[in-house]
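Undergrad: As a plain string of letters, each chain reads:
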Amino acid sequence: MTFLTDSPIDSEELAQRVMRPSDGACVVFEGVVRDHHEGKRVESILYDAYRPMAEKEIAKILHDINTRFPQVAIAVTHRLGALTVGEASIVIACASPHRGEAFEACRMMIDRFKQTVPIWKKESGPGGEEWVGWQK
Amino acid sequence: MKVRLLYFAVLRDIAGKGEEVIELPEGTRAADVWSGLRAKHRELSRYERPPLTAVNENYVPADQLLRDGDEVAFIPPVAGG
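Line order of the protein sequences matches chains A and B. Numbering follows this note's numbering, in which position 6 of the first sequence is assigned residue number 6; successive positions increment by one, without gaps. Every position in the second sequence, counted from 1, becomes a number in this note's numbering once 136 is added.
Worth double-checking, as some hints may not be accurate.
Taking lysine-lysine pairs in the PhoX-like style, the calculated list, with each CA pair at most 25 Å apart, reads [said to hold, decoys possible]:
#  : chain 1 : residue 1 : chain 2 : residue 2
1  : B       : Lys153    : A       : Lys122
2  : A       : Lys122    : A       : Lys40
3  : B       : Lys153    : B       : Lys176
4  : B       : Lys153    : B       : Lys138
5  : A       : Lys56     : A       : Lys40
6  : A       : Lys122    : B       : Lys176
7  : A       : Lys56     : B       : Lys176
8  : A       : Lys136    : A       : Lys56
9  : B       : Lys153    : A       : Lys136
10 : A       : Lys136    : A       : Lys60
11 : B       : Lys138    : B       : Lys176
12 : A       : Lys60     : A       : Lys40
13 : B       : Lys138    : A       : Lys136
14 : A       : Lys40     : A       : Lys136
15 : A       : Lys122    : A       : Lys56
Far from chain B, by Cβ distances over 12 Å, these chain A residues were calculated [stated by the list, open to error]:
#  : residue
16 : Asp6
17 : Gly24
18 : Ala25
19 : Gly39
20 : Glu57
21 : Arg68
22 : Val85
23 : Phe103
24 : Glu104
25 : Gly125
26 : Pro126
Hint data in this document are derived by calculation from the structure and do not stem from the laboratory. Idealized CB from N, CA, C, for every residue including glycine.
Chain A with its partners taken away, still in its complex shape (with noise of 0.2 Å):
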């Protein structure tokens, strides 16, 4: 099982894996790049990872999730490399009997990703390029 990959995300693919006859919601949330960040103009994304932990890191917090909330099937799959504004990073999908187990394992699985997931972002834009978080 990969969770990263090099294309585009097909959101209903995911949302399709993980629905069951017994689920009656299906949450699924999409990160995408915007065209702001602090105030600059965003045009395009570069991410980068250290793909085998970034798997690793990725089947953990999964784990996590199916311990608390084991009622709920969950998918998630990051793109790497160069994405243009409107294009999802992240798609996470969450099937459940019910909505709000759906919901709130959807949230936490974005909340732990964006802590522990070793990858990276670059933005460009026409004021440069910058990787995300580090200080200068």
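On the provided structure of chain A, position chain B as indicated by the hints.
TA: What follows is chain B alone, placed relative to chain A:
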């Protein structure tokens, strides 16, 4: 001993390469390797300690003792999602 040092994101730009094998004395800690990088690259001067440290694809404390054959990566602030 030899360890493989991997560079990602901003660190790859600063080092000008993706990885290298370095020779280290026994007893070297990950933080010592970071100090060596700081001495070489003034762009790292703001970071007295590495932002995060990974050895063999797991997060470890910066003072982790290294062993022959380890794969070491300093992890700049992550920004996935």
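Undergrad: Hints first: check each against the structure and report whether it holds.
TA: Cross-check of the supplied hints:
no.	hint	in the structure
1	B:Lys153 to A:Lys122	holds, 17 Å
2	A:Lys122 to A:Lys40	holds, 13 Å
3	B:Lys153 to B:Lys176	holds, 14 Å
4	B:Lys153 to B:Lys138	holds, 18 Å
5	A:Lys56 to A:Lys40	violated, 33 Å
6	A:Lys122 to B:Lys176	holds, 23 Å
7	A:Lys56 to B:Lys176	violated, 31 Å
8	A:Lys136 to A:Lys56	violated, 29 Å
9	B:Lys153 to A:Lys136	holds, 19 Å
10	A:Lys136 to A:Lys60	violated, 31 Å
11	B:Lys138 to B:Lys176	holds, 19 Å
12	A:Lys60 to A:Lys40	violated, 34 Å
13	B:Lys138 to A:Lys136	violated, 30 Å
14	A:Lys40 to A:Lys136	holds, 17 Å
15	A:Lys122 to A:Lys56	holds, 23 Å
16	Asp6	holds, 15 Å
17	Gly24	holds, 27 Å
18	Ala25	holds, 22 Å
19	Gly39	holds, 17 Å
20	Glu57	violated, 8 Å
21	Arg68	holds, 19 Å
22	Val85	holds, 16 Å
23	Phe103	holds, 17 Å
24	Glu104	holds, 17 Å
25	Gly125	holds, 16 Å
26	Pro126	holds, 20 Å
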